[in-house]
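Taken in sequence, the protein lines are chains C, A, E and S. Just so you know, we're using the working numbering here: the first sequence kicks off at 2 and counts up by one. Just so you know, we're using the working numbering here: the second sequence kicks off at 2 and counts up by one. Just so you know, we're using the working numbering here: the third sequence kicks off at 2 and counts up by one. Just so you know, we're using the working numbering here: the fourth sequence kicks off at 2 and counts up by one.
No wet-lab data here; the hints were simulated from the structure. A portion of the hints provided could be inaccurate.
PhoX-like cross-link-like pairs, simulated, lysine-lysine; straight-line CA separation at most 20 Å [what the hints assert, rightly or not]: (1) K177/S with K167/S; (2) K255/E with K162/S; (3) K162/A with K188/C; (4) K255/E with K188/S; (5) K162/A with K255/C; (6) K255/C with K255/A; (7) K187/C with K255/A; (8) K162/A with K177/A; (9) K162/C with K188/C; (10) K197/A with K167/A; (11) K197/A with K164/C; (12) K300/E with K255/S; (13) K300/C with K255/A; (14) K188/A with K255/C; (15) K255/S with K162/E; (16) K164/A with K177/A; (17) K197/C with K255/A; (18) K188/E with K255/S.
Number of protein chains: 4
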Amino acid sequence: MAGSSFGEVFKITTFGESHGAGIGVIVDGCPSGIPVDIEYIQSKLDRRRPGQSDVVTPRNEKDQVHLMSGIFQGHTTGTPVGMVIYNTDVRSQDYNNLKDLFRPGHADYTYYKKYGFRDYRGSGRASARETAARVAGGAIAMKFLEMNNITINAYLISVGKIKAQKRDLSVIDQNKVRCPDAEIAKKMEEYILALKEEGDSIGGVVEVIASGVPAGLGEPVFDKLSADLAKAMLSINAVKGVEIGDGFACTELKGSENNDVMLPDGYMTNHAGGILGGISNGNDIVVRVAIKPASSIKKDQNTVTVDGGAVEFNITGRHDPCVAVRAVPVVEAMMAITLTDHFLRRRCNLA
Amino acid sequence: MAGSSFGEVFKITTFGESHGAGIGVIVDGCPSGIPVDIEYIQSKLDRRRPGQSDVVTPRNEKDQVHLMSGIFQGHTTGTPVGMVIYNTDVRSQDYNNLKDLFRPGHADYTYYKKYGFRDYRGSGRASARETAARVAGGAIAMKFLEMNNITINAYLISVGKIKAQKRDLSVIDQNKVRCPDAEIAKKMEEYILALKEEGDSIGGVVEVIASGVPAGLGEPVFDKLSADLAKAMLSINAVKGVEIGDGFACTELKGSENNDVMLPDGYMTNHAGGILGGISNGNDIVVRVAIKPASSIKKDQNTVTVDGGAVEFNITGRHDPCVAVRAVPVVEAMMAITLTDHFLRRRCNLA
Amino acid sequence: MAGSSFGEVFKITTFGESHGAGIGVIVDGCPSGIPVDIEYIQSKLDRRRPGQSDVVTPRNEKDQVHLMSGIFQGHTTGTPVGMVIYNTDVRSQDYNNLKDLFRPGHADYTYYKKYGFRDYRGSGRASARETAARVAGGAIAMKFLEMNNITINAYLISVGKIKAQKRDLSVIDQNKVRCPDAEIAKKMEEYILALKEEGDSIGGVVEVIASGVPAGLGEPVFDKLSADLAKAMLSINAVKGVEIGDGFACTELKGSENNDVMLPDGYMTNHAGGILGGISNGNDIVVRVAIKPASSIKKDQNTVTVDGGAVEFNITGRHDPCVAVRAVPVVEAMMAITLTDHFLRRRCNLA
Amino acid sequence: MAGSSFGEVFKITTFGESHGAGIGVIVDGCPSGIPVDIEYIQSKLDRRRPGQSDVVTPRNEKDQVHLMSGIFQGHTTGTPVGMVIYNTDVRSQDYNNLKDLFRPGHADYTYYKKYGFRDYRGSGRASARETAARVAGGAIAMKFLEMNNITINAYLISVGKIKAQKRDLSVIDQNKVRCPDAEIAKKMEEYILALKEEGDSIGGVVEVIASGVPAGLGEPVFDKLSADLAKAMLSINAVKGVEIGDGFACTELKGSENNDVMLPDGYMTNHAGGILGGISNGNDIVVRVAIKPASSIKKDQNTVTVDGGAVEFNITGRHDPCVAVRAVPVVEAMMAITLTDHFLRRRCNLA
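I would like the entire structure built from these sequences, with the hints used as guidance.
Right under this line is the structure:
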């Protein structure tokens with residue numbers, strides 16, 4: 002109920018803070034027989050890790066994963082997969098000047114009001130560092146989906162007002178911002194570096210597509226596949242919106258324009274983003290995720306202290322100028338976990 | 002796991018199909034001592050019921066609620082509140098010509114693939130009729146929030162490309178489309194009636210604001226208030242997108258523009274829509290919901306049959322030309338249920 | 002979290018009080034394609050209903066079930082099965098003299114302390130009347146298990162110190178107490194009638210055996226099949242103990258005596274009651290359930306009032322002299338629900 | 002759903018196998034502000050650890066706990082408490098001769114049937130080593146209950162046919178078997194050592210009493226406090242039965258004998274074991290737990306191999322002659338976790 006778990010059958014539970022001993026994840030409900038090794042998991046973590054390029058935070062964490070349980074002789078055993086990542090590049094002193102004030106846009110005030118207390122070092126549990134645990138858990142899901150011929154690709158389609166015009170999946174990992182449009186990617190990088198210089202940050206949109214998803218995934222009422230994907234995405238730090246298929250754009254369409262006609266050899270269009278009545282229809286699942294600009298900026302800002310007084314302050318820690326960049330593998334992981342969960346749940350539908 | 006329940010502490014579970022005996026809801030985890038009577042619940046249902054005006058479906062259901070349990074001497078007792086609504090205006094024969102084909106945009110195909118079987122009468126469980134059960138359950142939540150000085154208002158802010166320019170809450174229930182802009186409301190009504198004549202349908206956006214929500218609601222990681230609201234909204238029929246606060250618009254902003262500055266006497270802005278780090282910050286909670294055009298249109302359409310053959314068909318049942326109109330009280334109900342749930346969950350945060 | 006639901010995949014949620022409008026159940030997660038009709042469900046309810054013989058309470062409820070949803074053309078559809086039973090033979094005035102005192106052995110005091118409030122009419126939600134809803138839900142589970150060649154039989158093996166010496170399943174429904182020993186059954190009946198005359202009550206033990214359960218059901222750690230069965234049984238009114246296989250008796254055995262030796266053609270013994278490490282081993286599942294004497298007796302008793310004063314009182318309502326008799330079909334239902342749930346959960350164990 | 006979690010609000014999730022890298026636990030839903038340090042947690046683990054005396058297994062694990070998260074400046078922060086214990090004294094080679102056969106009384110066969118696969122080293126996940134993770138989590142619960150003046154004491158009341166005659170809590174930690182009867186404790190020790198010599202094992206009964214529990218804990222229907230305690234206890238390795246208060250003995254009583262009379266200054270008796278209608282009544286909670294003899298004995302035994310052939314074999318690993326001894330702190334931990342969970346849940350009962 003405290004919300005550190007996600008999924009019903011394939012369930013991940015995470016723990017850990019940005020500046021504590023480390024973070025970790027338990028994957029419970031993982032089917033036995035999935036071939037998975039530590040190198041594969043690590044390769045997923047490397048795509049998310051800080052310090053990987055000059056457009057992300059310089060905090061230099063290797064994010065090395067330690068496998069604690071649930072894998073034997075190269076396969077999952079059916080028992081919980083436990084994984085731990087130690088924090089190694091911690092500079093908690095950067096936060097000393099922040100411990101008595103509430104940074105705007107951050108969870109400082111809300112945690113304080115909730116727990117009467119907060120671990121102020123690097124945002125504590127509210128840090129996006131927690132998402133490394135999701136990526137580790139998502140790697141197992143990814144392998145399971147691979148066995149079932151489902152593939153997932155996420156990528157950055159906008160940074161501020163700069164928007165990708167193409168969806169060339171082959172270039173995603175060839176640029177630092179994970180954009181499927183090589184030309185636009187360069188503009189995004191330049192823009193982010195300029196903002197970094199300026200001490201500011203910028204928002205962005207991540208799109209994710211799952212292909213090969215069979216029809217029939219998702220539960221009809223509250224646990225619609227679309228509803229669970231929405232929750233999955235909004236649970237990621239800094240996410241403020243989500244849409245499935247045409248999303249907000251379809252509110253301007255007529256039914257006669259928006260209905261995806263079925264022909265004997267398949268759908269003519271995919272306005273629905275692969276989900277009808279909350280259940281996958283065999284088309285690609287298409288989701289877009291709105292990510293706000295990072296709240297940590299190196300500009301003088303006004304706020305209030307724990308005692309309610311006005312104060313001006315400046316953030317000196319290490320931060321991402323565009324958190325949407327590193328959100329890409331996290332969005333993939335959450336898509337993978339949600340699909341794996343519903344893939345397994347679907348097995349219980351027939352007598 | 003089959004997803005007919007929503008909420009962790011304050012939990013509703015619904016049942017029922019569009020053309021079966023009836024529908025209903027159980028509210029489990031309802032605190033004792035909430036003053037609530039059947040007239041109040043009925044008044045909420047009346048705002049959602051079909052046949053209430055010429056811009057909604059003419060199916061004429063009174064949606065009369067029968068209280069089965071959990072209320073004694075005018076107050077909730079702490080035990081589950083059971084409520085039943087019988088279906089009375091059923092015309093199942095309207096669906097005879099549809100039982101062997103998959104209507105585009107509907108859940109026909111996805112239910113068929115999921116269950117190997119479907120109740121084709123009026124979309125069965127996939128019908129938005131199910132949302133009446135949510136409104137009944139939401140009425141209890143609404144009363145609880147009232148006791149805690151929290152108010153919720155939802156309203157229609159766009160129909161197709163026609164968009165409200167004002168937020169005058171006093172006019173919402175004075176027009177048939179529940180728009181907070183009286184002038185625009187008239188245009189919306191005219192447009193919807195024209196489309197109805199044409200046999201087509203149109204999408205729309207519903208906005209909902211919760212005021213008086215204390216800081217501290219929402220769980221930090223997966224059960225962020227924003228994540229649970231997103232799930233709540235996407236679980237409503239025809240919803241394809243959701244955003245909190247500025248939502249997708251904030252992806253074009255810099256951190257220095259998007260951070261809501263705190264002053265000793267409150268926030269200067271509310272870009273965040275009242276939620277930071279997944280937890281309410283005391284500001285108004287603001288959510289927008291994208292609703293697609295109804296899939297049922299009275300135009301000739303092409304599709305495939307259960308046997309995979311091509312077919313042209315025409316829908317003759319009774320339908321809403323703009324489902325967003327009747328979604329307004331459903332969005333309110335889901336907001337009320339989600340907030341009540343997190344209000345109660347919040348009681349467990351401190352030792 | 003308020004505990005009106007049981008099961009993870011195959012989940013029942015019940016509502017209703019003894020003297021309100023009625024009771025009911027929603028079965029969510031019910032697989033599609035189970036052949037089930039209202040007569041079958043009613044036949045199960047008839048085995049539990051009050052007024053069926055002179056050894057049970059004379060309250061004369063027909064317990065007629067109304068099917069609300071989830072069944073179409075004689076089969077479950079995969080959507081929730083909703084069922085309602087109206088209360089018809091209510092004599093609430095019998096409870097007027099009890100509303101300000103706490104009957105010993107009853108839940109009066111505990112409900113009062115919990116909710117600050119109670120529905121004093123016939124024990125309200127604490128009444129065993131709630132178990133009719135379980136039996137209705139259990140009937141669906143029973144049909145599912147039948148399809149999978151699993152059979153369940155519960156029966157009364159002791160009333161006070163009178164204990165069955167045989168397990169002749171063919172006679173269970175041929176005597177009023179549902180004892181598998183025809184001769185002992187007569188003694189039990191006589192004893193119960195004598196106690197009824199006296200205005201007293203007596204405890205008993207129900208045993209239940211499930212045959213045909215495949216190996217592999219149950220989750221390894223907290224959701225052991227044995228643990229979930231224990232919870233299922235202890236959730237039934239008046240149950241104070243449970244044991245699996247040899248249960249308490251095995252605490253006096255050595256490992257060399259208690260281990261069930263496996264031979265190529267099967268187990269030599271079944272001390273374990275069909276469960277090893279929390280998982281079914283293919284042997285019969287054997288569970289025994291201890292049921293206390295009904296707290297409602299027609300003798301003068303001492304207790305305290307809501308105001309804390311001492312008082313002597315006498316109960317005049319209609320009650321069972323031996324609640325263990327009518328618990329038999331409830332124990333069967335809870336076994337059926339638990340096994341169906343784990344049967345479905347088991348489908349998610351392999352990649 | 003895979004059952005590695007326990008509790009609804011105060012929820013522990015465990016991972017780890019007997020011979021893998023280690024084991025661990027996440028406590029989610031832990032309220033903020035509980036004073037707890039690593040020494041306290043370690044002291045609880047020391048009571049359960051192997052190698053502590055000659056009546057338990059000689060496997061010499063220090064069971065040193067590593068705190069990963071959720072505690073800051075000596076108090077819980079409200080975020081998940083993560084703890085890891087590495088395995089250090091592993092002798093996996095002891096199990097080489099067992100990997101192709103199914104040890105009687107063990108979970109070998111059931112895991113194999115469930116997962117098509119098993120980690121044969123020291124029983125893998127089925128090892129009681131998992132319970133160390135529960136004890137670590139339970140320590141946090143214990144501190145919370147202490148803050149609320151609730152105390153828990155478990156102790157061994159029988160080993161085979163040797164039964165404690167007294168309940169002198171002061172001697173529990175002064176003998177190796179944790180028996181509240183010093184004289185009987187000696188007999189138990191001698192008997193266990195004799196059996197150890199013989200290569201056999203023996204069962205036992207653990208009793209646990211919780212004092213200071215306020216009235217009102219437990220949910221009325223399926224999540225009765227008694228039902229959740231039954232599940233908690235049956236989830237512990239080797240447990241085959243549980244009873245509340247008089248338990249099975251009350252089945253031989255009349256209602257007039259079994260009802261606990263309330264007087265203005267309290268209950269006259271406690272047959273109910275502190276729970277009425279599934280809800281605590283303010284009296285001591287009393288539970289007894291039946292623990293079977295360990296299945297690992299050093300005698301020649303017959304069984305079958307993975308291929309179905311008959312085989313005689315001998316176990317050479319290190320094992321407990323009476324697992325009930327080390328179950329005492331585990332029973333305490335499960336009682337503490339269950340009570341803490343319901344203590345928090347109870348906060349949601351009133352409007």
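Quick rundown of the hints versus the structure:
For the suggested pair K177/S and K167/S, the alpha carbons sit about 17 Å apart, so the restraint of at most 20 Å is met. Our distance criterion of 20 Å between C-alpha atoms is met by K255/E and K162/S, whose separation comes to about 11 Å. A threshold of 20 Å between alpha carbons decides the hint, and for K162/A with K188/C the separation of about 32 Å lies outside it, so the pair is violated. Between K255/E and K188/S the alpha-carbon distance is near 16 Å, which keeps this suggested pair within the 20 Å criterion.
For the suggested pair K162/A and K255/C, the alpha carbons sit about 11 Å apart, so the restraint of at most 20 Å is met. Distance hint between K255/C and K255/A is unfulfilled; the C-alpha atoms sit about 35 Å from each other, more than 20 Å. Straight-line distance between C-alpha atoms of K187/C and K255/A comes to about 19 Å, which keeps the hinted pair within the 20 Å bound. For the given pair, K162/A sits about 18 Å from K177/A by alpha-carbon distance, which is consistent with the 20 Å threshold.
Between K162/C and K188/C the CA atoms are separated by roughly 11 Å; this keeps the pair inside 20 Å, and the hint holds. Of the pairs offered as hints, the one joining K197/A and K167/A is violated, with about 26 Å between alpha carbons and a cut-off of 20 Å exceeded. With a CA separation close to 37 Å, the supplied pair K197/A and K164/C exceeds the 20 Å bound. About 12 Å separates the Cα atoms of K300/E and K255/S, which keeps this hinted pair within 20 Å; it holds.
As the CA atoms of K300/C and K255/A are separated by approximately 12 Å, the hinted pair is consistent with the 20 Å bound. With a C-alpha separation of about 16 Å, the suggested pairing of K188/A with K255/C holds against the 20 Å cut-off. A distance of roughly 11 Å separates the Cα atoms of K255/S and K162/E; the hinted pair therefore holds under the 20 Å criterion. For the proposed pair K164/A and K177/A, the alpha carbon gap of about 15 Å is at most 20 Å, so the pair holds.
Of the supplied pair hints, the one linking K197/C and K255/A holds, its CA atoms being roughly 11 Å apart against a limit of 20 Å. Of the supplied pair hints, the one linking K188/E and K255/S holds, its CA atoms being roughly 16 Å apart against a limit of 20 Å.
The structure does not agree with the numbered hints 3, 6, 10, 11 stated previously, though it agrees with the rest.
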